[in-house]
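Start from the sequences, fold in the hints, and give me the full structure.
Single-letter residue listing:
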Amino acid sequence: MGVARYWREIPHRYNLIGKKCGVCGKVYFPPRSICPDCRRKSAGKMEDYKLKGSGTVESFSIIHVPPPEFEGKSPYAVALIKMDEGCYLTGQIVDCDLKDIHIGMRVEACFRRIQEDGKRGAIYYGYKFRKAE
Amino acid sequence: MREVAIIGIGMTQFGELWEKSFRDLVAEAGIKAISDAGIEGEKIDAMYIGGMSTGRFIGQEHVAPLAVEVAGLQDLHIPAVRVEAACASGGVAMHQAYIAVASGMYDFVVVGGAEKMTDVVGGEATNILASAADREWEAFFGATFPGLYALMAKYHMHKYGTTQEQLAMVAVKNHYNGSMNPKAQFKRKITVEDVLKSPMVAEPLHLLDCSPITDGASAVILAPLDKAKEYTDKIVKIKASALACDTLSLHGRKRFDSLPAAVHAGKKAYEMAEIKPEDVDLAEVHDCFTIAEIIAIEDLGFVEKGKGGKATEEGLTSLNGEIPVNTSGGLKSKGHPVGATGIAQINEIVLQLRGEAEQRQIKDAKIGLAHNVGGSGGTAVVHILEVV
Ligand SMILES: [Zn+2]
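Chains A and B are the protein sequences, given in the same order.
Here the first sequence stands for residues 469 to 601, numbered as in my numbering.
Here the second sequence stands for residues 1483 to 1870, numbered as in my numbering.
No lab work stands behind these hints: they were computed from the structure.
Please read these numbers as outputs of a predicted model, since none were measured by experiment.
Be a bit skeptical, because a hint or two may be false.
[Unchecked claim] Listed next, the in silico BS3-like pairs over lysine-lysine satisfying Cα-Cα at most 27 Å (straight line):
1) A:K494 to B:K1845
2) B:K1641 to A:K567
3) B:K1845 to A:K567
4) B:K1736 to A:K518
5) A:K550 to B:K1736
6) A:K550 to B:K1789
7) A:K599 to B:K1641
8) A:K550 to A:K518
9) B:K1671 to B:K1845
[Claimed, not checked] Examples of chain B residues lying across from chain A (beta carbon under 7 Å, computed):
10) G1605
11) T1608
12) W1619
13) G1624
14) T1626
Glycine residues also receive a C-beta, built at the ideal position from the N, C-alpha and C atoms.
Structure follows, in structure tokens:
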């Protein structure tokens, strides 16, 4: 992966910066340049918006056969998470027994290493989720 | 718009075909379809070819002229287009070709689909398939392609009480059907226990809940209905061709127990064909994973939302059921050479409507439906065919 491809997503992946529609107020993450409800009216009116980082597990899966970049990391949990702002995203759930993960579980974002570009390449960071206290 | 018919079909064996190249597969499927139609090369006006990732599977882009060349049509300089829509590349190629013939722009069109997936090694094929999902916001974080369907499966199980056994029954049925299809990659019958004992890929999906990595190609020949009679007396008409799109990512959608694009394409297709789901005699649906077939039969209106697992268990979709689904063995048993899949589905429907499906023939089949999906539902294509 070219460094710029990773670097340009840093604000979103490190700090959960999404977009808020300046017309209807809906929050989007990953960021969108157009609100699908307001469409043309929202052009140029999508403002940066930092998500609080808390959400609920809507669905999850334990990955046993990982892609090459995640070789040696399986089994790990990937979840579909509904953020409190109303948008959904995909992320891993960590720091808990995989058996304890369930639909409806409250989670909060944490900053973690996601993957690396081979043994000597760049290390990529971003959000993962852990059980909320 | 003119009415459009299918006058020829052809497909290669599906499987791990180490002795065959991408060119060999394209040539074989194309020649079979042209021979089946009994049409001369100089009559062909255009070609459309579906291929998901020839660039990464065989390091070759620009495969439309390659298809023209293997067909020996280079001196006619016919127009050819490669179509990419992940696992729906074949279905979308079919849709584009349908529009071209219906509009009157072209008369005789070859539509093909091909994928050569076993020339890459190790986890490379899995990685290539992950590009059907959202690379930046799903795959980057560790979601695999089976993982996305696993998220839908878990959600469906939680919401409707669908069971692992019901998922497994989709695979059991499709392997049974595939055991009667000489072109299928796996002709081995399996049991629910085999599925549940197979290695876990992405919970709750086991290895035998997943379609395989496959080499293969398939082709069909389209013609205006009024000219079809010159070539065949078993004319199969395209009653509807509908394409719909959605977000690339699963998390960007409004619901996770359905593929909204497939619902939309299905509705449009039923309207265009002026029929209802209950008028369909058989269907080929995109069972890339067992849960995908359960969601598909709900999305297409064969059963109510949430009842797909139970309906499968009760045999509604079996060969002798009310609405036989995936008589070919589906992607699960026939194999899933991604770009070829949408055209292979059309192939099976045509065989059934012509009464040429041998052991797996559905009696008096008049109307068949094909449902082809790209990625986790970003693209969906529905075709409805009728024998006239
Ligand atoms: Zn808005």
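Now the hints, each set against the structure:
no. : hint               : verdict
1   : A:K494 to B:K1845  : violated (53 Å)
2   : B:K1641 to A:K567  : holds (19 Å)
3   : B:K1845 to A:K567  : violated (48 Å)
4   : B:K1736 to A:K518  : holds (22 Å)
5   : A:K550 to B:K1736  : holds (11 Å)
6   : A:K550 to B:K1789  : holds (25 Å)
7   : A:K599 to B:K1641  : holds (22 Å)
8   : A:K550 to A:K518   : holds (15 Å)
9   : B:K1671 to B:K1845 : holds (23 Å)
10  : G1605              : holds (4 Å)
11  : T1608              : holds (6 Å)
12  : W1619              : holds (5 Å)
13  : G1624              : holds (5 Å)
14  : T1626              : holds (6 Å)
Violated hints, in rising order: 1, 3; the structure is consistent with all others.
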